[in-house]
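Just need the whole structure built from these sequences, with the hints factored in.
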Amino acid sequence: MSAEQAAPLSEGPSEPRSWLARRVSGWVAFWDEREAPTSLVLVRVLVALAVLVDLAAIALQGATPWLWAPIEAGGLASWDPAAPPLFYRVLPPSVGSAHLLWGGLVSSALCLGLGCFTRAAALTYVFLSVQAALINGPADRAIDRLIRIVVLILVLSPAGGAWSVDAKRASGRFRGETGPAPAWPRYLILGQLVLTYFGAGLAKSGTHWYPWGGYNALYLTLRDPILSAVATSAPRWIDHPIIYFTTRVATAVTHLWELGAPLVLLAAYYRRTADRPGRVRRLFNRLPVRNTYVLVGAIFHLSLAAALRLGIFPFAMLACFPAFFRPEEIQRGVSRLRGRLRGTRVEQ
Amino acid sequence: MSTRGARARAAVIAYFVLFNALAALPTAGEPSLERMQRPFEREELTRWVGLLRSAGVDTDAERLARGYVTFSAWVERARAVALSPIEDFMALTLTHQGWRLFGTPDRSVSALRVTAHSATGDEVLYESGNPDRRWHAAFLEYRRIRADYNPSRRGPPATYGAFAKRLSDEIFATLPHVRAVTVALVETRVQLPPEVGRAPQAPAEARHVLEFARPRS
Numbered sequence: 001m002s003a004e005q006a007a008p009l010s011e012g013p014s015e016p017r018s019w020l021a022r023r024v025s026g027w028v029a030f031w032d033e034r035e036a037p038t039s040l041v042l043v044r045v046l047v048a049l050a051v052l053v054d055l056a057a058i059a060l061q062g063a064t065p066w067l068w069a070p071i072e073a074g075g076l077a078s079w080d081p082a083a084p085p086l087f088y089r090v091l092p093p094s095v096g097s098a099h100l101l102w103g104g105l106v107s108s109a110l111c112l113g114l115g116c117f118t119r120a121a122a123l124t125y126v127f128l129s130v131q132a133a134l135i136n137g138p139a140d141r142a143i144d145r146l147i148r149i150v151v152l153i154l155v156l157s158p159a160g161g162a163w164s165v166d167a168k169r170a171s172g173r174f175r176g177e178t179g180p181a182p183a184w185p186r187y188l189i190l191g192q193l194v195l196t197y198f199g200a201g202l203a204k205s206g207t208h209w210y211p212w213g214g215y216n217a218l219y220l221t222l223r224d225p226i227l228s229a230v231a232t233s234a235p236r237w238i239d240h241p242i243i244y245f246t247t248r249v250a251t252a253v254t255h256l257w258e259l260g261a262p263l264v265l266l267a268a269y270y271r272r273t274a275d276r277p278g279r280v281r282r283l284f285n286r287l288p289v290r291n292t293y294v295l296v297g298a299i300f301h302l303s304l305a306a307a308l309r310l311g312i313f314p315f316a317m318l319a320c321f322p323a324f325f326r327p328e329e330i331q332r333g334v335s336r337l338r339g340r341l342r343g344t345r346v347e348q
Numbered sequence: 001m002s003t004r005g006a007r008a009r010a011a012v013i014a015y016f017v018l019f020n021a022l023a024a025l026p027t028a029g030e031p032s033l034e035r036m037q038r039p040f041e042r043e044e045l046t047r048w049v050g051l052l053r054s055a056g057v058d059t060d061a062e063r064l065a066r067g068y069v070t071f072s073a074w075v076e077r078a079r080a081v082a083l084s085p086i087e088d089f090m091a092l093t094l095t096h097q098g099w100r101l102f103g104t105p106d107r108s109v110s111a112l113r114v115t116a117h118s119a120t121g122d123e124v125l126y127e128s129g130n131p132d133r134r135w136h137a138a139f140l141e142y143r144r145i146r147a148d149y150n151p152s153r154r155g156p157p158a159t160y161g162a163f164a165k166r167l168s169d170e171i172f173a174t175l176p177h178v179r180a181v182t183v184a185l186v187e188t189r190v191q192l193p194p195e196v197g198r199a200p201q202a203p204a205e206a207r208h209v210l211e212f213a214r215p216r217s
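Chains A and B, in that order, give the protein sequences.
Mapping to my numbering: the first sequence position 337 is 337, numbers consecutive.
Mapping to my numbering: the second sequence position 161 is 161, numbers consecutive.
Don't take each hint at face value.
Residues from chain B shown here face chain A by an in silico Cβ test under 7 Å; the list is partial [claimed, not checked]:
# : residue
1 : Ala10
2 : Glu44
3 : Ser128
4 : Ile145
Keep in mind that the hints were calculated from the coordinates and are not lab data.
Quick reminder that beta carbons are idealized off the backbone N, C-alpha and C, glycines included.
Here it is, written out as structure tokens:
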């Protein structure tokens with residue numbers, strides 16, 4: 001074999017290595033990026049607010065003992081006496097303990113929202129939320145799981161470093177230091193949103209979500225008396241042909257919107273690599289893909305909030321939406337809003 | 001952060017991203033041949049068979065059901081193996097992925113009906129979706145309480161019995177004239193607008209009926 005023929009062979013193994021090394025260092029650099037914690041602060045405050053509203057509803061309805069007291073004290077749930085939840089191994093199984101659990105959830109969520117011992121508060125909230133779920137499994141809904149995931153990410157994030165009591169203690173200003181901080185927690189929350197919606201889109205196996213099932217999924221959900229906030233007994237305005245048709249269109253849009261979640265990540269990737277060639281890249285960078293996705297999502301969730309009794313679900317999902325935006329975009333939006341408000345005041 | 005720290009963080013994130021993405025993939029549930037005989041599953045199978053036949057796939061409901069049960073059992077086993085490295089963390093934090101968000105809406109829907117029986121007759125205190133029967137509606141419709149009675153296709157949750165008992169205790173305590181309480185999940189079949197008037201509406205059926213007499217003091 002000649003040297004000319006041998007050269008490519010000897011270079012062969014090093015090429016994949018360098019490709020892999022490039023990918024690995026790109027991955028490490030990506031998760032090492034930094035940005036102002038503005039988006040994370042917003043997620044922290046809004047998620048805590050949603051949780052507090054939910055806990056306030058429990059108190060207003062007097063539902064705490066029903067949900068979290070042991071069955072012999074008037075609760076609804078029972079568990080294997082040999083393996084009680086940790087909460088009831090430490091505290092006596094009583095109504096008082098159930099109220100203590102509620103108080104702990106409120107305190108930790110409040111501290112999380114205010115950014116007071118943020119990491120400890122977030123961790124405490126997750127621990128108590130897990131205990132609540134272990135005590136009464138059916139009452140722990142998908143949104144509670146999602147909140148736990150997001151709050152766990154916040155535990156490790158700089159979300160408490162600005163606009164918080166922690167910031168006030170550290171820097172003397174409630175606003176704190178809004179300089180660059182790790183960006184990866186925002187990326188993870190954004191990734192979780194994409195995973196949630198895409199996973200939900202893939203999991204829609206019922207034929208009513210598809211053309212061959214008539215796209216009747218939303219209509220059927222709106223006719224569920226336990227879930228629906230619109231009248232389910234006749235005469236029903238949702239039976240009007242135009243409204244019925246609208247629910248079928250909305251079914252298709254909802255499913256496509258969920259399945260389209262990865263497009264947000266693709267759009268972000270194309271934006272970061274805008275200098276590279278490609279027709280699809282150019283098209284993505286010309287279209288407001290992310291903003292359209294967020295707008296449709298906001299309409300979707302607010303419509304759900306109006307039409308179905310889902311509690312905090314739509315609002316807690318929307319509370320995570322700041323993760324879609326880079327901090328400078330949020331700051332620009334806030335500045336624009338302030339400018340408009342000032343303009344209005346000046347005109348007045 | 002040092003280069004070593006950044007690498008370690010990137011590795012940990014890669015681990016969690018990979019397994020959470022795997023966990024978020026939909027499962028086929030835990031179907032059995034028995035379960036595939038229920039009306040909802042039969043209807044679903046009929047529609048899927050229609051679609052597959054129109055695409056040139058020769059199959060029928062029985063074969064499709066058997067294939068689906070085999071496939072889903074295989075998926076469940078593969079999933080359990082694939083997720084074993086992260087299962088303990090997810091179990092500890094209860095952060096399992098798996099999002100359905102009304103994945104399989106059903107034409108059979110249920111309403112909670114609470115009836116009080118007294119010397120003057122029977123009175124429906126609360127009925128889901130009925131604007132005239134709203135006793136303690138805000139409480140009964142709160143999302144976490146609702147979850148303690150809202151049935152799935154498998155039936156009501158394990159908390160349903162305790163919920164009904166606790167609710168009857170509450171009624172006896174607040175309405176002294178009530179002698180007995182019936183809690184039931186009333187199932188109806190939704191007619192789509194084009195079907196209204198063409199086919200008779202199937203009668204509502206009370207299921208999971210629980211009756212409670214006022215305890216003797």
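Check your understanding: Broken hints, numbered, in rising order?
Key -> none
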